[in-house]
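Enquirer: Given the sequences, and given the hints that come with them, work out the whole structure.
Protein chains in written order, with the working numbering: chain A, 1 to 272; chain B, 273 to 543.
By construction, these hints were calculated from the structure, which means they are not laboratory data. Please note that the accuracy of each hint is not assured.
[Stated by the list, open to error] Listed next, the stretches of chain A that the computed footprint assigns to chain B, with coverage defined by at least 3 CB atoms under 8 Å from CB atoms of chain B:
(1) 25-31
(2) 64-70
(3) 85-94
(4) 108-121
[Stated by the list, open to error] Restraint-style ranges between C-beta atoms, simulated for each label pair:
(5) A/V9 with B/W529: 47 to 55 Å
(6) A/E30 with B/G409: 54 to 62 Å
(7) B/V315 with A/R23: 44 to 52 Å
(8) B/R481 with A/S183: 49 to 57 Å
(9) A/S77 with B/T541: 17 to 25 Å
(10) A/G39 with B/F482: 48 to 56 Å
No residue lacks a Cβ here, since even glycine has one placed at the ideal position from N, Cα and C.
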Amino acid sequence: MSEPAISVVSLDKSFPPTRSGWRAFLQPFEKPTVLALSGVSFEVQAGEALALLGVNGAGKSTLLRILATLLLPTRGSARIAGKDAARDARAVRRNLGYHAGTDHGFYARLTGRENLRFFGQLNHLSGSAANLRIAQLAEQFQLADILDRQARTLSTGTIQRLSLARALLHQPRVLLLDEPTRSLDAIAAMDFRRFLKSQILRRGDTSLLFASHTLPEVELLADRIAIIDGGRLLACDTLAALKLRTGAATLEEVFLRLTGHRPHSSEAVLPA
Amino acid sequence: MIRLLRELWLFFRRDLSIARTYRISFLLEIIEALFGTAMFYYVGRFVDSPQLRQALPQGGTYFAFSLVGFVFLDYMNASLDTFDRSLEEARNSGTLEHLLVTQTSLPVILAGSALYPFAATTLRIGVYLAWGALLFGFPLQSANWLTVAAVLLATLLAFSGLGILSASYLLLFKRGNPAKWFMLGLSSVAGGMLFPVSILPDWLQFLARFNPVTYALEAMRAALLAGAGFSAVWRPLAVLLLFAAILLPAAMAVFSWALRRTKITGTLTHT
Chain A
1 MSEPAISVVS LDKSFPPTRS GWRAFLQPFE KPTVLALSGV SFEVQAGEAL
51 ALLGVNGAGK STLLRILATL LLPTRGSARI AGKDAARDAR AVRRNLGYHA
101 GTDHGFYARL TGRENLRFFG QLNHLSGSAA NLRIAQLAEQ FQLADILDRQ
151 ARTLSTGTIQ RLSLARALLH QPRVLLLDEP TRSLDAIAAM DFRRFLKSQI
201 LRRGDTSLLF ASHTLPEVEL LADRIAIIDG GRLLACDTLA ALKLRTGAAT
251 LEEVFLRLTG HRPHSSEAVL PA
Chain B
273 MIRLLRELWL FFRRDLSIAR TYRISFLLEI IEALFGTAMF YYVGRFVDSP
323 QLRQALPQGG TYFAFSLVGF VFLDYMNASL DTFDRSLEEA RNSGTLEHLL
373 VTQTSLPVIL AGSALYPFAA TTLRIGVYLA WGALLFGFPL QSANWLTVAA
423 VLLATLLAFS GLGILSASYL LLFKRGNPAK WFMLGLSSVA GGMLFPVSIL
473 PDWLQFLARF NPVTYALEAM RAALLAGAGF SAVWRPLAVL LLFAAILLPA
523 AMAVFSWALR RTKITGTLTH T
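Expert: This is the structure:
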């Protein structure tokens, strides 16, 4: 069997406790005692899409940020394409694209093209290679018409597509998406999911790990689903296997049965 | 090495492209420089006397002496401010996270982000001096430009260490620039900006010896106002390079440690 695209083994992450007042000054030197992830292990194979499903504060973003080399784990290992995110961060970054799902993160006064070229070249694409990739991605992501407009004039949905294009410029093996439809309206979110499915996942050459609160998004995009709660990985399997294991009929029921959470009202059915 | 230069150039080009979208601001800075230069000229005329001219190290007018001190303050300000300002801007605009997941390292990101501000400050200083020479008789014709360039480079290296220390502080504590506060405070009294160090009491003159600004201003005034060559300014130049040799590696080590701490505490991109 070939090397997994992502491999996470016995991963723990703790943060120092949040302090206020003058004690906040000591925070950078405090011992990390607040547990965010505990003993998390899973693998993502090449071309596979794995969803991280959990409530706010479950540890999804922490996990993605460790893989993106933005955080150091307390214990355990996180590898991308066989490279350790803590010890070999630059090699890891060569193989990953990261999209945080926010509607900022671009230079507002630069055009879409200038932004993409800048980030592409920081990922060691030559000027001509960057231009070629921008042209390819602009066509694929329907960005050609807005590429020469300043980023500050673009809509949130367009910024999201631009951000996804940025993550894919250097053709990474792994794509990490942190709540990619968080700041999109319902229609834009639907478009974005369809777009991810048809333009990236169908090609089968990029592995996807994404965090989401949105159950239809998870069902549409994920080959397998990892359910995280309180920093612990409760289950990681296909939707069919999760339903079988819990005796649930829907993903929503699977989630509620595994985590033990209960909706605050009869209408609150999503774990957001 | 070529890759490093290319990466640095990318940041310079980014900042130049952004600055080009604010063209009026450059025009306003040119006008501001005219008013600033005029102010120093009239203060100089007001206080100038034969005794004062004798007290100045290179002779000449108080206008020339104080203008060099003032424009140099701008340069020091840029050196101390640039690194943490670029870090803060990236954090606030949300680009820091995206810069950090590229294959370019954070020290290169910081150094690259400092290039355009340094170039813009050098240009602004040039505008001040040009106004001074064109309208108020600043003795630009006597400058030794090669020595001026060497002094600027040595100053930039010496102060950059302090700037990187400031950026480390900002990484950990999110606000404030203690290096700038300390250096500006110290230099306004014991650095020779607006009056010669020789008029200070002995203990302040002793303190001034540990301030890189003293050596930078001494060398800059000698090169700009008296046309001094390398042989005349080798001592302050050597001291500046010594400051750089100590401060730069120390600052980089502190910065690496601070970066690691923020990746442990999860506060790297916090504002």
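Enquirer: None of the hints should be skipped; say for each whether it holds.
Expert: How the hints compare with the structure:
no., hint, verdict
1, 25-31, "holds (count 5)"
2, 64-70, "holds (count 4)"
3, 85-94, "holds (count 3)"
4, 108-121, "holds (count 7)"
5, A/V9 with B/W529: 47 to 55 Å, "violated (27 Å)"
6, A/E30 with B/G409: 54 to 62 Å, "holds (60 Å)"
7, B/V315 with A/R23: 44 to 52 Å, "holds (47 Å)"
8, B/R481 with A/S183: 49 to 57 Å, "holds (56 Å)"
9, A/S77 with B/T541: 17 to 25 Å, "holds (23 Å)"
10, A/G39 with B/F482: 48 to 56 Å, "holds (53 Å)"
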